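S.K.: Chains as they are written, first to last, in the working numbering: chain X, 153 to 536; chain W, 153 to 536.
Worth flagging that the hints you see were computed from the coordinates, not collected in a lab.
Please note that a few of the clues may not be correct.
Some chain W residues judged to face chain X by a derived CB distance under 10 Å, without partners named [said to hold, decoys possible]:
| id | residue |
| --- | --- |
| 1 | Leu-216 |
| 2 | Arg-219 |
| 3 | Ile-376 |
| 4 | Tyr-416 |
| 5 | Pro-418 |
| 6 | Leu-429 |
| 7 | Thr-431 |
| 8 | Ala-486 |
| 9 | Gly-487 |
| 10 | Asn-489 |
To be clear about the criterion: a stretch of chain X counts as covered by chain W if any three or more of its residues have a C-beta under 8 Å from a C-beta of chain W, and this derived list gives those stretches [to be verified]:
| id | stretch |
| --- | --- |
| 11 | 206-219 |
| 12 | 496-503 |
A quick note: this is a predicted structure, and the numbers were derived from the prediction, not measured.
Where is the CB? At the ideal position from N, CA and C, for every residue including glycine.
There are 2 protein chains.
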Amino acid sequence: MTSERMARMALSCVTEPANPLVARAIAEFGAVDVWEGLLAQDGLMSKRARELKLKEVVSECGSLGIRFVIPGDDEWPAQVEQLGCCEPVHKLCGAPIGLWLRGGGDLAKLCARSVSIVGARAATAYGERAAGELACDLSDAGYAIISGGAFGIDAAAHRGCLAGRTPTIAVLAGGVNRAYPEAHASLFTRIAKDGVLVSELPPSEHPTKVRFLGRNRLIAALAIGTVIVEGAVRSGAKNSITWATSLGRITMAVPGPVTSAMSYSPHQLIRNAEAVLVTNSLEVLELVCPGAPDVPRPAVQRRATDDLSENELRVYEFIPGRGSRSAEELAMRAGLNIPVCLSVLHSLCDKELVMLNPADQWQLKPASHVAMADHLENAGLRLL
Amino acid sequence: MTSERMARMALSCVTEPANPLVARAIAEFGAVDVWEGLLAQDGLMSKRARELKLKEVVSECGSLGIRFVIPGDDEWPAQVEQLGCCEPVHKLCGAPIGLWLRGGGDLAKLCARSVSIVGARAATAYGERAAGELACDLSDAGYAIISGGAFGIDAAAHRGCLAGRTPTIAVLAGGVNRAYPEAHASLFTRIAKDGVLVSELPPSEHPTKVRFLGRNRLIAALAIGTVIVEGAVRSGAKNSITWATSLGRITMAVPGPVTSAMSYSPHQLIRNAEAVLVTNSLEVLELVCPGAPDVPRPAVQRRATDDLSENELRVYEFIPGRGSRSAEELAMRAGLNIPVCLSVLHSLCDKELVMLNPADQWQLKPASHVAMADHLENAGLRLL
């Protein structure tokens with residue numbers, strides 16, 4: 153009598169991930185019946201099933217520190233089951249049969265507050281910087297960063313998150329004991345310390361293109377929202393955004409120079425309203441965590457003229473940069489009657505912006521030239 | 153008996169632009185009655201009216217080569233009259249009383265196919281390059297570029313347009329005989345050759361902040377759409393976008409590095425769906441000229457594996473980068489039955505991607521290693 157866990161583990165060992173038929177069968181009949189049915193049948197998959205040495209897999213997992221989680225486990229991220237009822241992408245779909253995990257983090261807890269960051273492998277320095285800063289700030293804000301462990305944006309996102317307060321999650325297209333790319337072996341070790349390495353594939357399996365496409369759907373499904381940082385015309389990262397859209401997740405994109413081919417995909421996604429433009433972690437939080445405080449506008453420099461009334465501003469602007477004018481002339485140019493203009497001039501005087509000279513003409517107060525220059529500069533003017 | 157033209161010219165000389173009261177009075181009673189009424193009244197504006205020496209203005213215009221156009225003239229851009237019935241911005245509104253023009257271009261004809269480009273004076277090299285290229289490409293596509301003649305983005309847009317096939321239009325906040333900024337005197341001369349310098353203000357008047365705000369509404373009103381290239385938090389360029397929105401014109405924004413403070417305004421406008429992201433002239437044309445051909449996607453490099461069927465791709469991916477595998481093993485891994493797998497292998501053989509070696513095992517065809525590397529690279533893999 154096979155247990156649900158053993159049946160799912162076995163099925164995970166002999167089937168390819170994101171196989172809609174297998175997923176639907178398990179949803180309908182349960183993993184145990186599907187597994188026992190498979191053993192009883194002919195055909196290649198059944199042959200593989202009968203040849204499977206599950207005990208060896210279990211003991212290998214024990215020695216490698218790999219655990220296998222299934223629906224119902226505390227660590228199971230229930231949101232991935234939405235993959236069972238969303239639109240297929242590239243004919244792939246279905247909830248994972250189970251997940252192979254390695255690392256000290258709790259997958260379900262970390263994913264509950266998480267953002268996926270995806271992008272080009274051949275990223276630019278700008279893209280890696282943007283991804284790293286975004287990941288680090290979100291990590292400090294208590295959000296785990298999920299990515300694919302690849303070169304470029306993925307690595308920058310993982311490293312940025314490792315620099316912050318919250319662990320990071322790498323979703324792999326091969327076994328979680330297999331470093332792909334090999335150059336990231338030490339990065340994966342650091343991720344596994346407090347975070348998690350996740351895969352639908354049993355230990356030692358290697359990635360294939362189809363497995364990458366299936367993996368992308370998990371990156372989108374595990375997180376609250378997905379951000380694409382860079383992607384050329386032909387971008388695998390866009391595939392994760394497609395999955396996120398299909399799952400009704402929040403989709404975001406970081407813009408870049410229009411002269412950069414690597415920003416093509418983000419720009420097109422924003423242009424077609426398939427993703428929301430985001431420039432920093434606060435804008436991401438605003439979307440993934442509706443309760444979050446509003447994004448503060450960058451501080452704007454106050455100007456001496458900011459607090460002037462409309463009439464004060466009008467009169468002030470007709471006072472020449474050099475020389476002086478009579479109250480009557482100023483009144484006429486500003487379109488005010490003389491009493492009003494005089495009271496305005498006196499309040500400008502109190503604010504030390506203008507002064508009455510011995511010739512009974514109004515002119516800028518020497519110190520005020522700076523304020524005026526500053527003010528006119530803001531208005532697009534220079535002292536004439 | 154004053155003519156409509158003389159009345160409008162006179163009113164333009166003694167009133168500030170974008171004054172809603174004056175505009176409404178002219179719309180209701182006609183310029184002649186408003187002018188004669190003004191002469192009969194008391195108050196400062198009437199005083200200025202009575203002191204106006206219109207003959208001198210007319211002769212000055214003659215000697216400076218400045219013309220004054222009003223509704224009904226061939227060169228009058230009728231679309232600016234929509235300013236008479238749109239939402240006020242900063243309490244300013246109203247159609248212009250008339251327009252003072254200098255230059256060899258026909259304002260109405262040029263504006264019929266035109267795009268406004270606005271942005272920061274303190275622009276970055278990136279912003280000036282983006283504005284210049286956009287302007288030049290649109291000019292070559294037959295569109296006149298409208299801008300404000302200021303430093304930074306404005307100047308880059310005018311210069312880009314001058315480098316193209318179509319003249320450019322500068323809308324000024326002072327008299328069209330007065331170069332503001334002075335450093336742009338020669339630029340304005342080049343613009344005036346085949347293009348037009350436009351202002352609501354009579355000759356020799358100097359700009360004020362209010363006049364700049366009024367001028368911005370003309371930049372938005374004259375063109376089919378307005379593009380903002382760069383703008384900091386506190387950006388005058390955003391004011392033109394506000395006018396364009398209020399007029400129901402097409403609003404567009406060019407993104408930039410998220411690390412650049414100068415891209416703050418474009419990013420916020422895109423993020424809040426107040427402007428559409430555009431990265432080049434074709435995307436602008438797609439919006440301002442619905443008949444235009446679709447934007448071509450950048451050419452994508454073809455790969456040897458692009459034309460493989462799903463089964464061919466599946467089998468191909470299970471052939472190791474080094475070494476070889478039997479047909480049966482490949483069939484099992486690919487989840488195909490052996491006859492199907494063999495036919496797939498033979499078609500891959502015909503496509504010179506794989507070969508059968510003397511040991512009756514299937515391996516990559518030497519030349520195919522390149523295609524495989526290329527293919528796997530695209531799939532995010534490297535040869536294992």
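S.K.: All the hints need checking, so say for each whether the structure fits it.
M.R.: Going through the hints against the structure:
At about 19 Å, the closest approach between the beta carbon of Leu-216/W and any beta carbon in chain X exceeds 10 Å, and the interface hint on this residue is violated. At about 25 Å, the closest approach between the beta carbon of Arg-219/W and any beta carbon in chain X exceeds 10 Å, and the interface hint on this residue is violated. The criterion of a C-beta within 10 Å of any C-beta in chain X is not met by Ile-376/W, whose closest approach is roughly 19 Å, and the hint is violated. The criterion of a C-beta within 10 Å of any C-beta in chain X is met by Tyr-416/W, whose closest approach is roughly 7 Å, and the hint holds.
The beta carbon of Pro-418/W comes within 9 Å of a beta carbon in chain X, closer than 10 Å, and the hint placing it at the interface holds. Of the supplied interface hints, the one on Leu-429/W holds, with its beta-carbon coming within about 5 Å of a beta-carbon of chain X, less than 10 Å. A cut of 10 Å between beta carbons decides the hint on Thr-431/W: the least distance to chain X is about 4 Å, and the hint holds. Because the closest C-beta pair between Ala-486/W and chain X is about 9 Å apart, less than 10 Å, the hint holds.
A hinted interface residue such as Gly-487/W counts as satisfied when its beta carbon comes closer than 10 Å to some beta carbon of chain X; here the least separation is about 6 Å, so the hint holds. The restraint placing Asn-489/W at the interface with chain X holds, with a minimum CB-CB distance near 6 Å, inside the 10 Å limit. Requiring three or more residues with a Cβ within less than 8 Å of a Cβ of chain W, the coverage given for the stretch 206-219 of chain X is violated, as only 0 such residues are present. Counting residues of the stretch 496-503 of chain X whose CB lies closer than 8 Å to any CB of chain W gives 0, so the stated coverage by that chain is violated, three being the minimum.
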